[in-house]
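**Q** Sequence:
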Amino acid sequence: MKELSIPKRSQGAKTPKLAFVFTGQGAQWPRMGVDLMQYSVFASSIRKSSEYLEGLGCPWTLEEEMYKDKSSSRMNEPEISQPVSCALQIALVDLLERVNLRPSVVLGHSSGEVAAAYCKGALSHYSAIKIAYFRGMGGAAACKSEKKQTMMSVRLSEAQAITTLNDIYESYSDIHVACINSPNNVTLAGNESHLNALKSILDQKGIFAPRSKI
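First residue of the sequence shown? That's 556 in the numbering used here, and the numbers climb one at a time after it.
For the record, the hints were derived by calculation from the structure and aren't laboratory data.
Bear in mind that the values here come from a model prediction, so they are computed numbers and not experimental data.
Certain hints may be false.
[Unchecked claim] Straight line, CA to CA, 30 Å or less: simulated BS3-like cross-link-like pairs of lysine-lysine:
| no. | residue 1 | residue 2 |
| --- | --- | --- |
| 1 | K603 | K623 |
| 2 | K675 | K603 |
| 3 | K685 | K703 |
| 4 | K623 | K572 |
| 5 | K754 | K702 |
| 6 | K675 | K625 |
| 7 | K685 | K675 |
| 8 | K685 | K702 |
| 9 | K625 | K754 |
[Stated by the list, open to error] Now the in silico label distances, taken between C-beta atoms and shown as ranges:
| no. | residue 1 | residue 2 | range |
| --- | --- | --- | --- |
| 10 | K699 | S599 | 32 to 40 Å |
| 11 | E609 | R586 | 17 to 25 Å |
| 12 | V660 | G610 | 27 to 35 Å |
| 13 | A696 | P571 | 39 to 47 Å |
| 14 | A582 | A714 | 32 to 40 Å |
| 15 | L662 | G693 | 19 to 27 Å |
| 16 | V660 | N736 | 15 to 23 Å |
| 17 | D624 | D729 | 18 to 26 Å |
| 18 | H731 | P614 | 43 to 51 Å |
Backbone N, C-alpha and C fix where the C-beta goes; we use that ideal spot for every residue, glycine too.
Could you build the full structure based on these sequences and the hints that come with them?
**A** So, in structure tokens, the structure goes:
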């Protein structure tokens, strides 16, 4: 395992103020974080998360899922992606802590709030993994229900999205604004088939609307 050397600041250099931003679901990919396993601090944190998951009755192994390639990866399934993403971000926090990189501010988007809370010291490692695991299980149950639910990111403002939804309300009343990501981007949630139909409408209008990988 490789070790990181602690950086040395020159005299007079001001300590920078850092902000750490923690991602939710949709940004993950197969073998994410594998290259960082060469660092003992990162690998140790992952092993600890794996032990916690095992103690919670998790039927799969964290390291095994991390190392799967695209053909066999389940990284886009919420019961996998949420605890894996949380564990990886916790391990990143631990790795950066090793070289004295600490944030002045933390931000978490969606499920990223769990790892952000760990970074802030508001949650223990175990509590963060436990929340991520059962949150993922809840998301998986919703996805596997008779009326499968999913999400879609749309390049529209909140007001534009609401206007669009009002225009199609009679046919797709279950779709709603689930998150305001930025002034010009929202996440819509609802029945999968209804979101697919809305995506076709938005595609025809040239509005960027990728399905979330959850």
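**Q** Assess, step by step, whether the Cα of K623 is no farther than 30 Å from the Cα of K572, and give holds or violated.
**A** violated (37 Å)
**Q** Check whether the Cα positions of K625 and K754 lie no farther apart than 30 Å.
**A** This hinted pair holds, its Cα atoms lying about 25 Å apart.
**Q** Just to be sure I understand the hint, the distance between the Cβ atoms of V660 and G610 should be within 27 to 35 Å; is that true here?
**A** Once the Cβ atoms are compared, 32 Å apart, the range 27 to 35 Å for G610 and V660 holds.
**Q** Holds or violated: the 15 to 23 Å window for the beta-carbon distance between V660 and N736?
**A** At 18 Å between Cβs, range holds.
**Q** Is the Cα-Cα distance between K685 and K675 30 Å or less?
**A** Cα-Cα ~17 Å, so holds.
**Q** Is K675 within 30 Å of K603, Cα to Cα?
**A** holds (19 Å)
**Q** Taking 17 to 25 Å as the hint, is the beta-carbon distance of E609 and R586 inside that range?
**A** Check passed, 21 Å falls within 17 to 25 Å.
**Q** Is K685 within 30 Å of K703, Cα to Cα?
**A** holds (25 Å)
**Q** Between K754 and K702, does the CA-CA distance stay at or below 30 Å?
**A** Between K754 and K702 the Cα gap is close to 18 Å, so the pair holds against 30 Å.
**Q** Could one say that the CB atoms of L662 and G693 fall in the range 19 to 27 Å?
**A** holds (23 Å)
**Q** Between H731 and P614, is the Cβ distance one that fits in 43 to 51 Å?
**A** violated (32 Å)
**Q** Given the hint that K675 pairs with K625, test it: the Cα-Cα distance must not exceed 30 Å.
**A** violated (33 Å)
Hint check: violations occur at hints 4, 6, 14, 17 and 18; the rest are consistent with the structure.
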